[in-house]
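Number of protein chains: 2
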Amino acid sequence: MKYAEKILNTPSSFTRDILKVAGQEDVISFAGGLPNPISFPVEDLQNAINHAIEVHGPKLFQYSATEGYLPLRQYVADKLNKGQEGLDIQPEDILITTGSQQALEMISQVMIDKGDGIVMEEPGYLGAIQAFHLTEPTFHPVTLTDEGLNVAELENMLKNNQNIKFIYTVPNFHNPTGITYTKENRDAIYDVVKNYDVILIEDDPYGDLRWNGEKIPYIGAGRLENSVVLGSFSKIVTPGMRLGYIVTKNKELLNHVITAKQAADLHTNIFSQIVIHEYLAKNDLEAHVSKIIALYESQANAMLEAMAKYFPSSVKFTKPDGGMFIWVTLEEGVSSLDLFYKAMEEKVAFVPGDPFYTSKTNVNTFRLNYTNSSPEVIEEGIKRLGKLLHEVSTTEKALV
Amino acid sequence: MKYAEKILNTPSSFTRDILKVAGQEDVISFAGGLPNPISFPVEDLQNAINHAIEVHGPKLFQYSATEGYLPLRQYVADKLNKGQEGLDIQPEDILITTGSQQALEMISQVMIDKGDGIVMEEPGYLGAIQAFHLTEPTFHPVTLTDEGLNVAELENMLKNNQNIKFIYTVPNFHNPTGITYTKENRDAIYDVVKNYDVILIEDDPYGDLRWNGEKIPYIGAGRLENSVVLGSFSKIVTPGMRLGYIVTKNKELLNHVITAKQAADLHTNIFSQIVIHEYLAKNDLEAHVSKIIALYESQANAMLEAMAKYFPSSVKFTKPDGGMFIWVTLEEGVSSLDLFYKAMEEKVAFVPGDPFYTSKTNVNTFRLNYTNSSPEVIEEGIKRLGKLLHEVSTTEKALV
Numbered sequence: 001m002k003y004a005e006k007i008l009n010t011p012s013s014f015t016r017d018i019l020k021v022a023g024q025e026d027v028i029s030f031a032g033g034l035p036n037p038i039s040f041p042v043e044d045l046q047n048a049i050n051h052a053i054e055v056h057g058p059k060l061f062q063y064s065a066t067e068g069y070l071p072l073r074q075y076v077a078d079k080l081n082k083g084q085e086g087l088d089i090q091p092e093d094i095l096i097t098t099g100s101q102q103a104l105e106m107i108s109q110v111m112i113d114k115g116d117g118i119v120m121e122e123p124g125y126l127g128a129i130q131a132f133h134l135t136e137p138t139f140h141p142v143t144l145t146d147e148g149l150n151v152a153e154l155e156n157m158l159k160n161n162q163n164i165k166f167i168y169t170v171p172n173f174h175n176p177t178g179i180t181y182t183k184e185n186r187d188a189i190y191d192v193v194k195n196y197d198v199i200l201i202e203d204d205p206y207g208d209l210r211w212n213g214e215k216i217p218y219i220g221a222g223r224l225e226n227s228v229v230l231g232s233f234s235k236i237v238t239p240g241m242r243l244g245y246i247v248t249k250n251k252e253l254l255n256h257v258i259t260a261k262q263a264a265d266l267h268t269n270i271f272s273q274i275v276i277h278e279y280l281a282k283n284d285l286e287a288h289v290s291k292i293i294a295l296y297e298s299q300a301n302a303m304l305e306a307m308a309k310y311f312p313s314s315v316k317f318t319k320p321d322g323g324m325f326i327w328v329t330l331e332e333g334v335s336s337l338d339l340f341y342k343a344m345e346e347k348v349a350f351v352p353g354d355p356f357y358t359s360k361t362n363v364n365t366f367r368l369n370y371t372n373s374s375p376e377v378i379e380e381g382i383k384r385l386g387k388l389l390h391e392v393s394t395t396e397k398a399l400v
Numbered sequence: 001m002k003y004a005e006k007i008l009n010t011p012s013s014f015t016r017d018i019l020k021v022a023g024q025e026d027v028i029s030f031a032g033g034l035p036n037p038i039s040f041p042v043e044d045l046q047n048a049i050n051h052a053i054e055v056h057g058p059k060l061f062q063y064s065a066t067e068g069y070l071p072l073r074q075y076v077a078d079k080l081n082k083g084q085e086g087l088d089i090q091p092e093d094i095l096i097t098t099g100s101q102q103a104l105e106m107i108s109q110v111m112i113d114k115g116d117g118i119v120m121e122e123p124g125y126l127g128a129i130q131a132f133h134l135t136e137p138t139f140h141p142v143t144l145t146d147e148g149l150n151v152a153e154l155e156n157m158l159k160n161n162q163n164i165k166f167i168y169t170v171p172n173f174h175n176p177t178g179i180t181y182t183k184e185n186r187d188a189i190y191d192v193v194k195n196y197d198v199i200l201i202e203d204d205p206y207g208d209l210r211w212n213g214e215k216i217p218y219i220g221a222g223r224l225e226n227s228v229v230l231g232s233f234s235k236i237v238t239p240g241m242r243l244g245y246i247v248t249k250n251k252e253l254l255n256h257v258i259t260a261k262q263a264a265d266l267h268t269n270i271f272s273q274i275v276i277h278e279y280l281a282k283n284d285l286e287a288h289v290s291k292i293i294a295l296y297e298s299q300a301n302a303m304l305e306a307m308a309k310y311f312p313s314s315v316k317f318t319k320p321d322g323g324m325f326i327w328v329t330l331e332e333g334v335s336s337l338d339l340f341y342k343a344m345e346e347k348v349a350f351v352p353g354d355p356f357y358t359s360k361t362n363v364n365t366f367r368l369n370y371t372n373s374s375p376e377v378i379e380e381g382i383k384r385l386g387k388l389l390h391e392v393s394t395t396e397k398a399l400v
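From first to last, the protein sequence lines stand for chains S and X. Per full-length UniProt numbering, residue 1 is the first one in the first sequence, and the count goes up by one each step. Per full-length UniProt numbering, residue 1 is the first one in the second sequence, and the count goes up by one each step.
The shape of chain S in the complex, shown without the other chains (with noise of 0.2 Å):
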C-alpha cells in the first residue's frame, strides 16, 4: 500500500503522543496544554443543556447549517466587537469551526499548493506546524523574540518570496513561549504586512485569560484587508465540545473555507452550539474567566517561584502575563529532548522544544504547561527537574 506523500511527511503529534505516557498517574506532567478543570462550569452548562432541550428540542439533534449557529456568531462578534474600539464585525464574517484546530487545516487547504510559503513563528504553534504539512507549504520561519516578530526577518522573507500565501502568528500568551506581541511590535508588523498581499493570521486561544498589564490591539483585525482571526471557546468553556471560529471580512476566502467545511464535516456539532450559546446568553462569562485567571495566576507563580528556587542560573525562562506557558531555554548545546528522557524516568513530562521548530532539530528549548498542576506538585515536579538540571550543567562544565 503506498500512501500519500502529504502524510508520510506529516508530523505525528509529539504532544498527543506524550500524552499518553504523561497521562499516567504518577508522571507529574507539566506537557499537555489541558485547561484546569475547574474552567469547566459544569452545573451551569447543565442548566443551560436543560433549557436548550426544552427550547429547541430536535433541532438540537439534527443537521444544521455549514456556517454554524447564528445566535453563537453573533455572540462572537458583540464579543470582539466589545473587546476592541473601531472593530465592525458581523456575524457573517464568522464560521464556527470544530474547534480552532479544523481552522488552521482549513485554510492551509483553501490557500496553499504544494510549495507555497507559509511564515511561521520560530518557535511555534505545533498542531498548526502538523495542519499545515498536509498541503506541503514550503515554512519560512521568522525568529520570535521577547517583544513579538522579527520585523526585518518578515519584511526580507515577505520581499524575497512571491509564494507566501499566509502569516501565522499567536500573538496573546503565544504557544509555546507564553511571550505576548506588543504593541510596537504589532504596528510594525502592520507596516510590513499591508504593503502584501498576505494573509495574516492571529490565532488567539488565549487572549481572554489576562493576569497582568492591558489587553493589545489585534495586529490586522479592523484595520488590514487580509486578516483573519481565530478563536475558541476551549480554554474559557470547554474544549470537549470542540467549538473555534474564524473570522475575517475577506468573504471570498471566508466562503472558500465554507466549501472546505463542508468537505471535512458538513457543519460543526449543532447540540454544543446551541448549548455554549444558552451558556453564555445566561451566564455571566467575565465572571468565570475572572476565577480561571486568578487559579492560572497562582499556579504560574508558584512555577516561576520555583524555577527561581531550583533552576541553575544559567538556565532562562519567559514571565508570562496570562495563557497557559513557560518557555525555558537551557544553556547553549544542550539537549532538551535528552532532559525529556531523563525527566521522564524521574516521572516529569515537558514538551521538548523540538516539534515547535520547522528548521531545527535538537534544540535547547521546552515548554512547561502550569494550568493542570496543584502549587505543590509544581514545586516538586520543577524540584525534581532543577536536580536534573543541575546534574547536565555540572556535566557540561566538566566536559569543558
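Please note: incorrect hints may appear among the correct ones.
Unchecked claim - Simulated crosslink set (DSS-like; lysine-lysine; CA at most 27 Å straight-line):
id : chain 1 : residue 1 : chain 2 : residue 2
1  : S       : K2        : X       : K194
2  : S       : K2        : X       : K251
3  : S       : K194      : X       : K2
4  : S       : K114      : S       : K2
5  : X       : K383      : X       : K319
6  : X       : K291      : X       : K249
7  : X       : K114      : S       : K2
8  : X       : K282      : S       : K59
9  : S       : K251      : X       : K319
10 : S       : K114      : X       : K6
11 : X       : K114      : S       : K114
12 : X       : K183      : X       : K282
13 : X       : K383      : X       : K342
14 : S       : K251      : X       : K6
15 : X       : K249      : S       : K6
16 : X       : K194      : X       : K183
17 : S       : K249      : X       : K183
Unchecked claim - Listed next, the stretches of chain S that the computed footprint assigns to chain X, with coverage defined by at least 3 CB atoms under 8 Å from CB atoms of chain X:
id : region
18 : 43 to 57
19 : 95 to 103
20 : 113 to 121
21 : 129 to 136
22 : 238 to 250
23 : 267 to 280
Rather than coming from a laboratory, the hints here were simulated on the basis of the structure. In this text the structure is predicted, and so the values were computed from the model without any measurement. Don't be surprised by glycine CBs; every beta carbon is placed ideally from N, CA and C.
Knowing the structure of chain S, use the given hints to seat chain X on it.
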C-alpha cells in the same frame, strides 16, 4: 489573493446550497438527506446526558484521545461482530470521527497525491465527490446498475490504471439511487478487488434501515486485507452531534488517519461520544430503529404509490428495500436540471442528478428523499412533479 487550485476545483455542495432555498416554509422539499426528527430519541438522550454528567463530570468537557472514547469503540466493534458472522473487529480497529463525512476527507488526504486514482460509483455520493476533490484525484467512474457495480468495468479500470488508490462504495440503500448491491455482485467485486493493491471503502450510514429482505454481508470486511468500513450514528440516533467511525484492520492505514485526525480537529467531541455511549448502553437501539424503519417504509411506499399514480409511464424509478432515497430516470435527453428550476417555481425541491456524476453533466436523473415529509405532503409534491413531467413529456414528443 490567489487561492489554492484544489479549492478552486472543489464544487460547493449543491445539496447544502439548495437546502437554503428548499428550507423555506412553503417549499415541499425532497432535496435533503435529513432524517425524520422521530429518529432522535430526545428524552432518552436527555437521560443519558444527566447520567453522563453525574458519572463523568469534568471528563465530559476536557480534551480527550484522538482515537475516540474506548467504550464507544467497543460498542461499535460488538455491534459489527454481532451483525455479521466471521468478523473479528476490535476497538483498536476503530477511530471515532466527526461524522462519517470526516472519514471521507481523511482517507483521501492519507491516500491521494495529486492525480492518483479513485474509483467512484456513477452516480455516487456527492459529499464524497466533494471531499475527494480537495486532494485533486483522477476520478474513474464505474457504472452502477440495479445489482451494484458493473464488475467488468471495475476490473478494466483496475487493470488499466496503476495509480488507483481506493474504490468508494455505498452498498446498502445507496445514496443517491437507493439500490442495494446483491450478494452475487458483492462476491464478484471481492473476487476482482482481492487481486489488486487497493483499498475498498464500504460507506454504510443506512445499513440498519432495512424493511425488506435480509441483511447482506459486507463486500470486503472480514476477508479483504485493505477493507475499510465507514459507519455513522447520524441516521439512527442524531446527525447533529456529528459522530461517525472508520473501521479497518490495516493498522498502518489507521495510524496515518489518526495523524490526519490530529491535524484536522485533535479529537471528536467527547461530550457527545460519552452521551451517545450512555444512550446506547442503557436503551434498546433495535427497538428504536424499528420505529424509524416503520416510518420510513410508510413514507417510501407513499412516494412510490404517488409516483405510480402521477408520473408518466416513461419515467423510471428505483424501489428501495431501506434507506432514504429514490432515484428517478427521465426519458433520454430530458434535463433534470431544467426540471429542477421548473419544480422550484411550483415550490417542490429535489436534487438534480448532475452533482452525483464525475464524468457527465446535464443528466436525465434526479434524487428524491422521502424521510422528512408526511405521506400527505409526499403525495402533493409528487403530484406537482407529475404534472410537470407530463408537460415535459408532451413537449418532447411535440419536438420529435
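Hint check:
1. S:K2 / X:K194: holds, 16 Å
2. S:K2 / X:K251: holds, 14 Å
3. S:K194 / X:K2: Between K194 (chain S) and K2 (chain X) the Cα gap is close to 16 Å, so the pair holds against 27 Å.
4. S:K114 / S:K2: holds, 19 Å
5. X:K383 / X:K319: Judged against 27 Å, a Cα distance of about 18 Å means the pair holds.
6. X:K291 / X:K249: violated, 33 Å
7. X:K114 / S:K2: holds, 14 Å
8. X:K282 / S:K59: holds, 23 Å
9. S:K251 / X:K319: violated, 43 Å
10. S:K114 / X:K6: holds, 10 Å
11. X:K114 / S:K114: Given pair K114 (chain X), K114 (chain S) holds - Cα atoms ~10 Å apart, limit 27 Å.
12. X:K183 / X:K282: violated, 34 Å
13. X:K383 / X:K342: holds, 14 Å
14. S:K251 / X:K6: holds, 18 Å
15. X:K249 / S:K6: holds, 22 Å
16. X:K194 / X:K183: Distance ~16 Å between K194 (chain X) and K183 (chain X) Cα, so the pair holds.
17. S:K249 / X:K183: Violated, at roughly 53 Å.
18. 43 to 57: Check passed, 6 qualifying residues.
19. 95 to 103: holds (count 4)
20. 113 to 121: It holds: at least three residues are needed, and the region 113 to 121 of chain S offers 3 whose Cβ sits within less than 8 Å of chain X.
21. 129 to 136: holds (count 5)
22. 238 to 250: Satisfied; 6 residues make the cut.
23. 267 to 280: n = 6 at 8 Å, threshold three: holds.
Consistency note: the structure conflicts with the earlier hints numbered 6, 9, 12 and 17.
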